[in-house]
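Enquirer: Please model the entire structure based on the sequences and the hints provided.
There are 2 protein chains.
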Amino acid sequence: MQNELFNHIHIVLVGTTHPGNIGAAARAMKTMGLHRLELVATHVFPSAEATARASGADDILASAGRHESLDTALAEFTLVLATSGRARNIDWPVYSPEQAMALAIEQAGLGNRIAVVFGRESSGLSNAELELCHGVIRIPANPDFPSLNLAAAVQILSYEFCKQVRQQQESTGPVPDSRVTPADVAHMDRFYRELQACMEEVGYYDPEKPRLLMRRLKRLFNRARLDRNEYNILMGVLTAARKMARRDS
Amino acid sequence: MQNELFNHIHIVLVGTTHPGNIGAAARAMKTMGLHRLELVATHVFPSAEATARASGADDILASAGRHESLDTALAEFTLVLATSGRARNIDWPVYSPEQAMALAIEQAGLGNRIAVVFGRESSGLSNAELELCHGVIRIPANPDFPSLNLAAAVQILSYEFCKQVRQQQESTGPVPDSRVTPADVAHMDRFYRELQACMEEVGYYDPEKPRLLMRRLKRLFNRARLDRNEYNILMGVLTAARKMARRDS
Chain C
1 MQNELFNHIH IVLVGTTHPG NIGAAARAMK TMGLHRLELV ATHVFPSAEA TARASGADDI
61 LASAGRHESL DTALAEFTLV LATSGRARNI DWPVYSPEQA MALAIEQAGL GNRIAVVFGR
121 ESSGLSNAEL ELCHGVIRIP ANPDFPSLNL AAAVQILSYE FCKQVRQQQE STGPVPDSRV
181 TPADVAHMDR FYRELQACME EVGYYDPEKP RLLMRRLKRL FNRARLDRNE YNILMGVLTA
241 ARKMARRDS
Chain W
250 MQNELFNHIH IVLVGTTHPG NIGAAARAMK TMGLHRLELV ATHVFPSAEA TARASGADDI
310 LASAGRHESL DTALAEFTLV LATSGRARNI DWPVYSPEQA MALAIEQAGL GNRIAVVFGR
370 ESSGLSNAEL ELCHGVIRIP ANPDFPSLNL AAAVQILSYE FCKQVRQQQE STGPVPDSRV
430 TPADVAHMDR FYRELQACME EVGYYDPEKP RLLMRRLKRL FNRARLDRNE YNILMGVLTA
490 ARKMARRDS
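Chains as they are written, first to last, in our numbering: chain C, 1 to 249; chain W, 250 to 498.
It is worth saying that the hints were derived from the structure and are not from the lab. Be aware that one or more of the hints could be misleading.
[Unchecked claim] Here are the simulated lysine to any residue pairs, SDA-like style, with alpha carbons at most 20 Å apart:
1) W/LYS458 with C/LYS209
2) C/LYS243 with W/TYR453
3) C/LYS243 with W/GLU449
4) C/LYS218 with W/PRO431
5) C/LYS209 with W/LEU483
6) W/LYS492 with C/ASN232
7) C/LYS243 with C/ARG225
8) W/LYS492 with C/ARG246
Expert: Below you can see the structure in the form of structure tokens.
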């Protein structure tokens with residue numbers, strides 16, 4: 001997991017009012033493997049409330065960068081994306097979280113520094129701050145209730161970044177689950193014959209009037225893709241049932 | 250936004266300890282347009298803390314279903330997906346949030362009811378609770394710090410649902426197969442009881458030495474997601490086998 005890409009993406013919180021939100025944002029980042037946090041014009045920090053809400057992500061709080069203003073914080077960044085709930089007069093390029101994190105990963109892969117900027121809880125970013133950014137990330141939300149908590153927004157962006165890095169890693173070489181051996185076609189053929197024989201012996205299946213019964217059952221068990229262990233269990237049940245049925249006849 | 254699909258997905262919180270988390274989860278849901286919340290064996294509810302953390306999503310708290318146990322809560326659901334951070338002995342089918350919500354949307358489009366289940370903050374879901382589920386959703390996370398807050402996990406799943414519904418609206422999606430009615434949790438419960446009774450009567454299953462037998466069988470049949478027709482066939486087979494076994498004794 002600790003891929004080099006994670007070193008290139010910074011979460012930037014501007015003017016956060018509630019220290020609890022800073023802690024919760026740090027926790028959200030860390031769960032997704034992000035660790036670079038920049039705090040701009042923070043009201044109360046450090047704070048016991050931030051540390052409490054970070055619940056174990058206090059290393060991120062301790063190593064966070066502190067800045068007076070957004071322009072100084074962003075000086076060395078080459079891609080700056082701002083999250084925004086509000087529609088603006090002037091249209092910035094708008095990205096979905098997915099598109100934005102794809103772009104971030106591409107740029108991180110080139111060794112560039114990326115900032116994802118989150119504004120104040122109440123008022124977001126000023127126009128001057130927004131003008132420092134290359135684009136706006138719009139998180140899809142309920143138009144009647146778009147009030148995403150700050151840490152929830154950080155969680156969604158961090159999740160998209162983590163998810164896409166993972167997908168990228170997996171696409172270079174997936175490792176299939178090798179713990180279970182699937183039943184092969186020959187097993188399934190034995191199983192279906194045993195199942196049909198059992199159904200006949202208990203009086204459920206009449207080979208003279210088969211309807212679509214066996215086809216339906218094959219569709220069901222093929223869909224489930226039995227492993228060898230499951231095959232053995234089901235064969236054991238059928239064998240026991242047949243033994244019982246034959247003793248009876 | 251208020252698409253019919255949002256009426257079919259229920260967020261189910263099991264044994265939540267901190268009322269603040271219930272409120273934050275309701276807020277996370279509402280920001281993404283979800284509104285159906287089910288509370289199972291909740292410790293403290295209603296609570297002022299839950300209402301405060303909901304910050305405006307208290308309509309969701311007020312209309313939440315209350316349940317004594319997960320099995321009664323799930324009786325009428327046809328697709329049940331549990332979120333889990335832990336690796337388990339027996340593997341349930343594992344979905345990413347993206348895959349899980351794609352499946353949920355497909356099923357919601359057919360008019361089926363989907364539950365996304367979140368376990369206790371400290372200990373998750375019990376094995377018996379997990380056995381009620383058709384699959385597990387694993388949220389990608391930092392292996393060194395996977396401790397996602399409950400509301401953060403709800404946020405991510407709700408976001409994936411909302412995002413994919415939006416994407417579907419933007420394109421004209423394929424129409425899934427609507428001819429089959431899936432078996433619900435209450436059906437599956439009857440089926441498993443019948444299956445166990447049948448295995449006992451034919452001498453394959455010893456309730457004194459159960460091993461992992463029933464769990465393995467539940468995993469298999471939950472994975473297959475039976476439709477009502479298949480359920481009827483299997484119940485018919487079991488009934489015939491039991492009748493035969495009893496005649497013998």
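Enquirer: Would you mind marking each hint as holding or not holding in the structure?
Expert: Results for each hint:
1. W/LYS458 with C/LYS209: violated, 39 Å
2. C/LYS243 with W/TYR453: At roughly 11 Å apart (the allowed maximum being 20 Å), W/TYR453 and C/LYS243 satisfy the hint.
3. C/LYS243 with W/GLU449: The given pair, whose Cα atoms are some 14 Å apart, holds under the 20 Å limit.
4. C/LYS218 with W/PRO431: holds, 17 Å
5. C/LYS209 with W/LEU483: holds, 17 Å
6. W/LYS492 with C/ASN232: violated, 24 Å
7. C/LYS243 with C/ARG225: Roughly 27 Å between the alpha carbons, so the hint for C/LYS243 and C/ARG225 is violated.
8. W/LYS492 with C/ARG246: holds, 13 Å
In summary, the structure is inconsistent with hints 1, 6, 7 from the numbered list given earlier, while agreeing with the others.
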